[in-house]
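*Asks:* Listed below, chain by chain, are the residues.
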Amino acid sequence: MDNLLAQLPALQVVVPFLTVPLVMLLKPRGFAWLAATATSVVCFAIAIAMTSAILQGAPLTYAMGGWPAPFGIALAVDAFSALLLLVITGASTLTLIGARASIDSQITDARQPLFYAAWLLALTGLSGIVVTADAFNIFVFMEISSLASYVLISGGPDRRALPSVFKYLVMGTIGATFYLIGVGLVYMMTGTLNLADMEARVHEVGDQSPILVAAGFITVGLALKAAVFPLHAWLPNAYTFAPHAVTAFLAACATKVALYVLIRFDFLVFQPNLVGHDTQFAYFLMPLAVLAIVVASAVALFERNLKRLLAYSSVAQIGYIMLGASLVNDAGLTASVVHIFNHALAKGALFLTVMALAMRFGDVSLDQLAGAARRAPWTMAAFVVAALSLIGVPGTAGFISKWYLVMAALDEGWLAIPLIATIAAGSLLAVAYVWRIIECTYFAPADGTEPTGHVPPLVTGVVLIAATANVYFGIFTALPTTLAAEAALALQEALP
Amino acid sequence: MSPETAIVAALAWPLAGALAISLTGRVSANAREAATLITAAGLIWIVWGLVPELLAGGRPAVALAEPIPGISIAFRIEPLGMLFAALASGLWLINSIYSIGYMRGNKEANQTRFYTCFAIALAATIGIAFAGNLLTLFLFYEVLTLSTYPLVAHKGDGATVRSARVYLGLLLATSIGLLLPGIVWVYTAAGTGDFTPGGILAGHIASPELGLLLALFVFGVGKAAVMPVHRWLPAAMVAPTPVSALLHAVAVVKAGVFTITKVIVYIFGVDHLFSEPGSGWLLYAAAFTIVAASIVALRQTNLKRLLAYSTVAQLSYVIMAAAILKPLAEIGAAIHMVAHAFGKITLFFAAGAIYVASKKTELGQLRGIGRRMPWTMAAFTIGALSMIGVPPTGGFVSKWFILAGAFEADNFIAIFTIIASTALNAAYFLPILYMAWFEAPAKDDKPHGEAPPAAVAALTITAMLTLAFFLLNGPVIRLEQQLISGIAG
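Quick note, the sequences are listed as chains V and X, same order. The first sequence lines up with residues 1 to 496 when you count with the numbering used here. The second sequence lines up with residues 497 to 985 when you count with the numbering used here.
Note that these hints are calculated values from the structure, not bench results. Take these hints with a grain of salt, some might be off.
As the list claims (entries may be wrong) - Partial pick of chain V residues on the chain X-facing surface, computed with a CB cut under 8 Å:
#, residue
1, F71
2, T108
3, P394
4, G395
5, I400
6, L410
7, I423
8, A424
9, L428
10, V431
11, I437
12, C440
13, F443
14, G474
15, I475
Unchecked claim - The following label-pair restraints were derived from C-beta to C-beta distances:
#, chain 1, residue 1, chain 2, residue 2, range
16, V, A425, X, R727, 24 to 30 Å
17, V, G453, X, A702, 57 to 63 Å
18, V, T61, X, E500, 43 to 49 Å
Said to hold, decoys possible - Over the 12 Å line for every Cβ pair with chain X, so calculated as not near, a few chain V residues:
#, residue
19, P21
20, V151
21, G191
22, L274
23, N305
24, R308
25, Q368
26, L388
27, F399
28, V406
29, G461
30, A485
31, L489
The C-beta atom is built at its ideal place from N, Cα and C for all residues, glycine as well.
Could you build all of it, start to finish, from the sequences and the hints given here?
*Replies:* Right, here's the structure in full:
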């Protein structure tokens with residue numbers, strides 16, 4: 001058993017990767033979905049197994065090809081990566097289980113095997129970024145996941161997805177290139193690509209200026225990928241016009257993986273070695289985080305399309321994650337990591353309900369959804385629960401992360417007042433834009449025509465499970481908070 | 497059953513009942529009604545079984561989960577919560593009997609949803625009553641709001657849904673916008689939000705912040721209907737009358753004043769609040785609400801709306817009594833929750849019985865109705881006299897205690913308010929009684945008899961309770977005397 005456990009970090013990437021060619025060949029209807037879902041379930045199981053091993057105390061490492069760490073490519077899974085892996089594989093699994101009918105209606109039969117293959121490639125890439133401990137390897141997996149997501153987003157019937165994905169492709173490529181430039185600079189100065197090894201060697205470098213430049217490139221590049229305000233321009237349209245299932249999957253985990261790399265790289269490599277870099281990191285990102293929370297929430301208030309509204313809400317929520325990290329202390333990092341988990345729960349559940357609503361009503365503009373609650377009471381009940389979590393109402397997961405964030409902000413002296421005001425303003429704006437949806441779906445009179453779409457019970461079931469998870473993790477919080485606390489400790493280990 | 501098990505059972509039993517009601521509702525209406533009655537009776541058995549433990553000085557507590565270190569979902573019973581839970585569970589059974597008569601007599605639709613939501617609302621009420629800290633209380637407070645929304649919007653037509661929207665919007669907005677920040681403030685300042693005898697804020701928060709925090713609680717708890725956050729209560733009158741009777745005369749509104757009283761006694765601390773100048777405004781806000789709501793009630797022509805404004809005024813009696821910050825007045829606040837509950841539920845039952853029997857809703861239509869519905873109007877008379885505070889009704893007992901507390905504090909504002917509002921209560925209730933008993937019915941009035949027997953039985957029981965409370969209030973007072981132990985005279 002221990003023997004198998006040691007292989008799990010590699011299997012996390014290898015299993016979905018090797019299934020890709022198989023899925024592409026499965027032409028008969030339904031088989032590709034079945035194979036992709038089964039693979040995703042296996043990946044989820046691997047992530048759970050690794051998490052339970054880590055909770056018992058042992059971080060997992062794996063040397064590819066048997067080459068020891070600084071020379072070969074190393075994989076390393078600790079509490080932070082385990083939490084991300086749970087989010088990625090969990091989102092993929094739950095979405096795939098529920099999304100078959102939606103994907104059938106949006107993707108032609110002939111292209112479905114390719115679609116599921118791209119899905120698994122995205123899963124491979126996202127998991128790969130998280131498990132690897134090698135800076136260049138991160139770039140490779142980032143490209144895999146990005147290219148696969150471009151395909152997924154443009155795969156739907158909505159032709160407006162094409163210009164959106166082109167914008168995403170251009171901006172994503174710039175981001176990846178910036179990251180690569182940064183890694184190149186560090187490699188030039190230190191001669192290593194292994195993150196832990198970099199940390200040990202950066203301070204041996206005589207001239208620190210190239211490292212500082214690298215830090216700038218990497219931060220901006222990853223911020224682009226993570227849609228940190230004001231580099232979020234690609235996100236709303238990409239989420240809006242993507243197939244509904246893809247939105248649910250990517251919204252739950254794609255930007256968070258970029259944030260993971262950003263936080264991990266900065267705290268591991270740059271902050272221990274560059275004098276005053278923690279202040280640079282804090283004062284660069286904190287204003288952006290505050291702006292993201294306020295501006296993006298305000299924009300969401302005026303959106304008429306449910307998916308766009310939730311996409312802008314995502315930009316705001318990324319602000320909360322960045323705000324926690326930019327405090328550069330234990331409580332802030334814990335809040336940030338907990339919010340990665342909890343926001344994935346809330347936003348994943350919300351986009352899953354959007355998927356169910358779209359199947360029933362055809363379109364998810366607020367006008368179309370007038371009176372939807374009477375026609376789809378269970379789906380809308382799940383939506384309300386997930387939305388309460390998004391707002392941060394006690395009893396839901398969202399409250400836990402907001403609580404940690406407020407506690408972290410309180411440690412900041414005079415800065416606490418504007419930060420808490422920002423969090424409160426963001427929450428109230430969230431109440432306002434959620435209320436618009438509730439008002440429309442629960443109170444507006446429906447036009448007489450009966451919607452034609454049919455929602456299979458499986459979809460409703462998945463939606464309800466996702467909503468229930470928001471309540472469960474709002475009360476029994478041990479898993480995310482333990483992982484986040486360990487992650488925060490590990491991140492600060494290298495700091496002076 | 498150990499007290500700790502009983503706490504969990506008191507929460508789980510109505511929820512299990514809700515499940516049973518929704519399942520049996522598909523089979524037959526009789527089975528569903530049987531499930532409701534069994535659930536209500538079982539809840540009484542569980543909740544009232546805890547009273548001896550409390551009278552003996554026990555404070556059973558149980559913690560379910562700890563979402564954030566130091567903040568748990570926990571329950572701890574103290575005298576005030578015990579009283580509230582016993583009251584709500586006891587009246588639920590009577591109300592269920594009444595509901596059966598009312599809902600069948602009116603041939604209402606969606607009755608299964610109605611009874612299911614009712615059981616969930618009762619579970620939330622018990623959760624509020626037994627909550628051991630602010631966060632737990634808040635959770636069940638929101639569950640109560642959400643679970644009563646389908647009851648208020650029961651009819652489902654445009655006007656009803658618009659009113660239900662005011663109900664939901666106002667209660668949610670005040671609780672999230674004001675109450676929650678207040679709770680977070682308490683936790684951050686005091687490091688805990690557990691309900692502790694003597695309060696937890698002494699030495700942590702002083703004036704003028706204390707007055708602001710008090711405002712967050714008083715206006716954040718919209719259910720207490722202190723002006724200007726009272727608008728939801730008249731709006732909620734679009735609900736079927738059993739909902740108005742149990743929820744908007746007992747469970748929901750009492751959850752509001754209960755929360756404020758509990759926060760004053762166990763979070764702020766009566767003595768701490770008394771020694772701080774920043775909290776004096778609460779008395780004036782409550783006094784203003786009493787007088788203003790009574791004047792508004794004077795101008796109503798619809799019976800249920802009149803009762804709603806009367807409720808707004810009576811709720812502020814509890815708040816004003818708590819704000820006098822003297823031991824006798826705190827007892828008066830607790831007793832008034834009971835006395836008003838008996839009287840007001842009787843009045844609503846009567847209003848509903850009149851509607852079922854004759855479809856009358858306006859005051860002007862009630863001429864001579866006393867001769868056609870003698871039982872109902874006799875009960876209505878007892879309820880109205882209790883609202884005014886005439887002996888031998890329960891309303892007299894609580895007014896006595898509140899007045900005694902006001903004299904103890906030499907609080908002439910409170911004394912004057914009580915006198916003025918007694919006059920106003922008489923001014924809007926006595927004309928109705930005169931019309932009903934002594935005027936002749938209108939010419940075009942169609943003859944009708946009493947409401948269904950189940951409804952008449954229920955309102956007779958609550959009218960008897962109103963009278964009985966005048967004499968048999970000993971156990972309640974004994975229980976609530978524990979509430980004030982340790983408060984300076």
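*Asks:* A separate judgement is required for each hint: does it hold in the structure or not?
*Replies:* Hints, one by one, checked against the model:
1. F71: violated, 43 Å
2. T108: With Cβ-Cβ at 41 Å, over 8 Å, it is violated.
3. P394: With a closest approach of 5 Å, the P394 of chain V hint holds.
4. G395: holds, 5 Å
5. I400: holds, 6 Å
6. L410: holds, 6 Å
7. I423: Violated, about 10 Å.
8. A424: For A424 of chain V, the interface hint holds, since the closest Cβ of chain X sits about 7 Å away, which is under 8 Å.
9. L428: This interface hint holds because 7 Å falls under the 8 Å limit.
10. V431: Since the shortest Cβ distance to chain X is 6 Å, the answer is holds.
11. I437: violated, 14 Å
12. C440: This hint is violated: C440 of chain V lies away from chain X, its Cβ roughly 12 Å from the closest one there, beyond 8 Å.
13. F443: holds, 5 Å
14. G474: holds, 6 Å
15. I475: With a minimum Cβ separation of about 5 Å from chain X (threshold 8 Å), the hint on I475 of chain V holds.
16. V:A425 <-> X:R727: 24 to 30 Å: At 25 Å between Cβs, range holds.
17. V:G453 <-> X:A702: 57 to 63 Å: holds, 60 Å
18. V:T61 <-> X:E500: 43 to 49 Å: holds, 47 Å
19. P21: At about 45 Å from chain X, P21 of chain V clears the 12 Å cut-off, so the statement holds.
20. V151: holds, 40 Å
21. G191: Since the minimum Cβ distance to chain X is about 44 Å, G191 of chain V lies beyond 12 Å and the statement holds.
22. L274: Given a closest Cβ separation of 34 Å, the condition holds.
23. N305: holds, 23 Å
24. R308: Since the minimum Cβ distance to chain X is about 24 Å, R308 of chain V lies beyond 12 Å and the statement holds.
25. Q368: At about 20 Å from chain X, Q368 of chain V clears the 12 Å cut-off, so the statement holds.
26. L388: Non-interface label on L388 of chain V violated, nearest chain X Cβ at 8 Å vs cutoff 12 Å.
27. F399: Label violated. Min Cβ-Cβ 8 Å, cutoff 12 Å.
28. V406: violated, 7 Å
29. G461: Given that every Cβ of chain X is farther than 12 Å from that of G461 of chain V, nearest at about 18 Å, it holds.
30. A485: It is violated; A485 of chain V is separated from chain X by about 10 Å at its closest Cβ, not greater than 12 Å.
31. L489: holds, 15 Å
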